[in-house]
Amino acid sequence: MKIDFEHRQAAHCESGVTSNLLWNASGGKITEPLAFGIGAGLFFAYIPLIKINNGPAIAFRTMPGHIFNRTCKSLNIPVARKKFSSKEKAQAFLDECLDNGHAVGCQVGVYYLPYFPKEYRFHFNAHNLIVYGKDGDNYLVSDPIMEGTNVLDSYQLERVRFAKGALSPKGHIYYPKENKDITDDQIKQAIKSGIKKNVYNMLNIPGSFAGVSGIRNTGLKIKKWRDRLGLEKAGLYLAQMVRMQEEIGTGGGGFRYIYGAFLQEADVYLPGNQLTEISSIFTKAGDMWRTAAVHAAGIYKGRIGSQEDFNTMGDYLLEIAAVEKAAFETLKKIKWQ
Amino acid sequence: MKKDDVPQDLSSLGKITKEVCYATDSNGKYVTELSSGWDVKITALDTAWGDIEKRIAAAKQQVLDGKASPLLFFLEYRLMDIAILAGYTGFWKWQIKRHLKPGVFNNLSDNKLQKYAEAFNIKVEDLKTMTVHED
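Here the protein sequences line up with chains A and B, keeping their order. For the first sequence, counting from 1, position 94 maps to 94 in the working numbering; every step adds exactly one. For the second sequence, counting from 1, position 13 maps to 13 in the working numbering; every step adds exactly one.
Be aware that a few hints might be false.
Said to hold, decoys possible - Straight-line C-alpha distance at most 20 Å; calculated EDC-like pairs for lysine to aspartate or glutamate:
{"hint": "1", "chain 1": "A", "residue 1": "K29", "chain 2": "A", "residue 2": "D181"}
{"hint": "2", "chain 1": "A", "residue 1": "K118", "chain 2": "B", "residue 2": "E134"}
{"hint": "3", "chain 1": "A", "residue 1": "K51", "chain 2": "B", "residue 2": "E53"}
{"hint": "4", "chain 1": "B", "residue 1": "K54", "chain 2": "A", "residue 2": "E119"}
{"hint": "5", "chain 1": "A", "residue 1": "K233", "chain 2": "B", "residue 2": "E53"}
{"hint": "6", "chain 1": "A", "residue 1": "K284", "chain 2": "B", "residue 2": "D51"}
{"hint": "7", "chain 1": "B", "residue 1": "K54", "chain 2": "A", "residue 2": "E232"}
{"hint": "8", "chain 1": "A", "residue 1": "K301", "chain 2": "B", "residue 2": "D9"}
{"hint": "9", "chain 1": "B", "residue 1": "K115", "chain 2": "A", "residue 2": "E88"}
{"hint": "10", "chain 1": "A", "residue 1": "K177", "chain 2": "A", "residue 2": "D287"}
{"hint": "11", "chain 1": "A", "residue 1": "K118", "chain 2": "B", "residue 2": "E118"}
{"hint": "12", "chain 1": "A", "residue 1": "K197", "chain 2": "A", "residue 2": "D185"}
{"hint": "13", "chain 1": "A", "residue 1": "K134", "chain 2": "A", "residue 2": "E88"}
{"hint": "14", "chain 1": "A", "residue 1": "K118", "chain 2": "B", "residue 2": "D51"}
{"hint": "15", "chain 1": "B", "residue 1": "K2", "chain 2": "A", "residue 2": "E232"}
{"hint": "16", "chain 1": "A", "residue 1": "K51", "chain 2": "B", "residue 2": "E76"}
{"hint": "17", "chain 1": "B", "residue 1": "K29", "chain 2": "A", "residue 2": "E277"}
{"hint": "18", "chain 1": "B", "residue 1": "K15", "chain 2": "A", "residue 2": "E119"}
{"hint": "19", "chain 1": "B", "residue 1": "K3", "chain 2": "A", "residue 2": "E247"}
{"hint": "20", "chain 1": "A", "residue 1": "K51", "chain 2": "B", "residue 2": "D51"}
{"hint": "21", "chain 1": "B", "residue 1": "K18", "chain 2": "A", "residue 2": "D181"}
{"hint": "22", "chain 1": "A", "residue 1": "K233", "chain 2": "B", "residue 2": "D81"}
{"hint": "23", "chain 1": "A", "residue 1": "K134", "chain 2": "A", "residue 2": "E119"}
{"hint": "24", "chain 1": "B", "residue 1": "K18", "chain 2": "B", "residue 2": "D46"}
{"hint": "25", "chain 1": "A", "residue 1": "K284", "chain 2": "B", "residue 2": "D4"}
{"hint": "26", "chain 1": "A", "residue 1": "K170", "chain 2": "A", "residue 2": "E158"}
As the list claims (entries may be wrong) - Over 10 Å on every C-beta distance to chain B, these chain A residues come out as not near it, computed from the model:
{"hint": "27", "residue": "K134"}
{"hint": "28", "residue": "S168"}
{"hint": "29", "residue": "A210"}
Read the hints as simulated data drawn from the structure, not as lab findings. Glycine is no exception: its CB is placed at the ideal position from the N, C-alpha and C atoms.
Using the sequences and the hints given, assemble the complete structure.
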């Protein structure tokens, strides 16, 4: 069976899934940038204790699952979500959803995802895709980061839905329970609440691992990487950072550009709050992240690698932290018109 | 980033799908633009894979030297750690650590070997002989 569903490519998997699942209900109003911003998607965290592919965990976006949850909650859309210990029950539930005409979001691991190129397959378990139909033993899959749709047989889908390791999906499935109309007023409120939450996440989380203080702290740490880790490992760490920042799924510039796009769209709903001007600061921040990535590439390619080069690298992050701090403080001070 | 500056360096992903980037047009308005890849992140990925290849080669040598069982090789080959392998097989981590010893591995039951083979998506025979088929 096939459900009335249109595949739309997006930059980021979760905001793409959110936007696509809400497309009919919102009449296409909840675009990817709006979902990302309402879901307070922008973040930074550096968690050296958690190792991913033998490198530090660095995130430029919020925790998996938050964007969909927050967006639906802010728009007052009831959400169904389930995890499973049994693979059979997970498949039965999925089939039931499809029979009832629901396209559903699934959290999956990418390592055994057959349509991904081999070079991109890591044990990363926070990818999201939509299943929108079944044809015999084959499931119709809309992966928002891909240009077209794909087909996975039941074994292939089960394998990625039950991928193992950190953040293992455990068959996690989610969808909006009903197609409620979404009003402009709701969107306005949701935008304000999304911005407020994002301001908190970037400015007020205690400790120095997250938000702008996390960026600053990482900048300071990078300056010591050459001595502490040696040139080769330091290069690997920087390559890991660049991948988290720029790889497919980010929209470029560590999600800063999607956030800039969000603020521009938000300005249409809430004019007179300088959101377009603030958007351009995020564009600048994204550009700075990319400049830093070019410098990092010089190091991991082995073209440069002196302590001076690491100092410059660290300074890039200190500058970015200052720019983003100012941007979020401006957002925090908005007296909504 | 300006729309015209969205990089188009062909990556391994770019051969399969282009990716959506957000960039600004001549009026400063955000639009989406497809990119086929960026040299900076292609080399970042190459750097990561270069390290993985080294780890795989080192693991292979350990197995050939009789210091580890073929499990170590496939662990690295499948980019897993013991925790991930424990997740896929249902074995405890301490059991897997034992099975990494060649002597213990050589006496594993077919049932247990089958679990490992499934986790690595290979055949039992290939597991024993450290044979890989490109997939």
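Consistency of the hints with the structure:
This hinted pair checks out: K29(A) and D181(A) have alpha carbons roughly 11 Å apart, not beyond 20 Å. With a C-alpha separation of about 10 Å, the suggested pairing of K118(A) with E134(B) holds against the 20 Å cut-off. A distance of roughly 18 Å separates the Cα atoms of K51(A) and E53(B); the hinted pair therefore holds under the 20 Å criterion. A hinted pair counts as satisfied when its Cα atoms are at most 20 Å apart, and K54(B) with E119(A) qualifies at roughly 15 Å.
As the CA atoms of K233(A) and E53(B) are separated by approximately 15 Å, the hinted pair is consistent with the 20 Å bound. The suggested pairing of K284(A) with D51(B) is violated, with an alpha-carbon distance near 33 Å, which exceeds 20 Å. Distance hint between K54(B) and E232(A) is fulfilled; the C-alpha atoms sit about 12 Å from each other, no more than 20 Å. The hinted pair formed by K301(A) and D9(B) meets the criterion: a straight-line CA distance of about 17 Å does not exceed 20 Å.
Taking the CA atoms of K115(B) and E88(A), the gap is near 19 Å; set against the 20 Å cutoff, the hint holds. Simply put, K177(A) and D287(A) have alpha-carbon atoms about 39 Å apart, too far for the 20 Å limit, and the pair is violated. At roughly 18 Å between alpha-carbon atoms, K118(A) and E118(B) fall within 20 Å of each other, so this suggested pair holds. This hinted pair checks out: K197(A) and D185(A) have alpha carbons roughly 19 Å apart, not beyond 20 Å.
Between K134(A) and E88(A), the direct Cα distance comes to roughly 16 Å. Compliance with the 20 Å bound is thereby established for this hinted pair. Our distance criterion of 20 Å between C-alpha atoms is met by K118(A) and D51(B), whose separation comes to about 16 Å. At most 20 Å may separate the alpha-carbon atoms for a hinted pair to count; K2(B) and E232(A) exceed this at roughly 33 Å. Between K51(A) and E76(B), the direct Cα distance comes to roughly 15 Å. Compliance with the 20 Å bound is thereby established for this hinted pair.
Pair hint K29(B) plus E277(A) holds up; C-alpha atoms about 11 Å apart against a cutoff of 20 Å. This hinted pair checks out: K15(B) and E119(A) have alpha carbons roughly 12 Å apart, not beyond 20 Å. A C-alpha spacing of about 18 Å is found between K3(B) and E247(A), which places the hinted pair at or below 20 Å, so the restraint holds. With a C-alpha separation of about 15 Å, the suggested pairing of K51(A) with D51(B) holds against the 20 Å cut-off.
Of the supplied pair hints, the one linking K18(B) and D181(A) is violated, its CA atoms being roughly 33 Å apart against a limit of 20 Å. Using a Cα cut-off of 20 Å, the hinted pair K233(A) and D81(B) holds, with the two alpha carbons roughly 19 Å apart. Restraint check for K134(A) and E119(A): not satisfied, since their Cα atoms lie roughly 29 Å apart, outside the 20 Å limit. A threshold of 20 Å between alpha carbons decides the hint, and for K18(B) with D46(B) the separation of about 19 Å falls inside it, so the pair holds.
As the CA atoms of K284(A) and D4(B) are separated by approximately 16 Å, the hinted pair is consistent with the 20 Å bound. In summary, the hint linking K170(A) to E158(A) is supported, as the alpha carbons are separated by about 10 Å, within the 20 Å threshold. The Cβ of K134(A) sits about 23 Å from the closest Cβ of chain B, beyond the 10 Å cut-off, so the non-interface label holds. For S168(A), the condition that its CB be more than 10 Å from all CB atoms of chain B is violated, with the nearest at approximately 6 Å.
Non-interface call for A210(A) relative to chain B: holds, since the shortest CB-CB distance, roughly 23 Å, exceeds 10 Å.
Going through the hint list in order, the structure does not satisfy hints 6, 10, 15, 21, 23 and 28.
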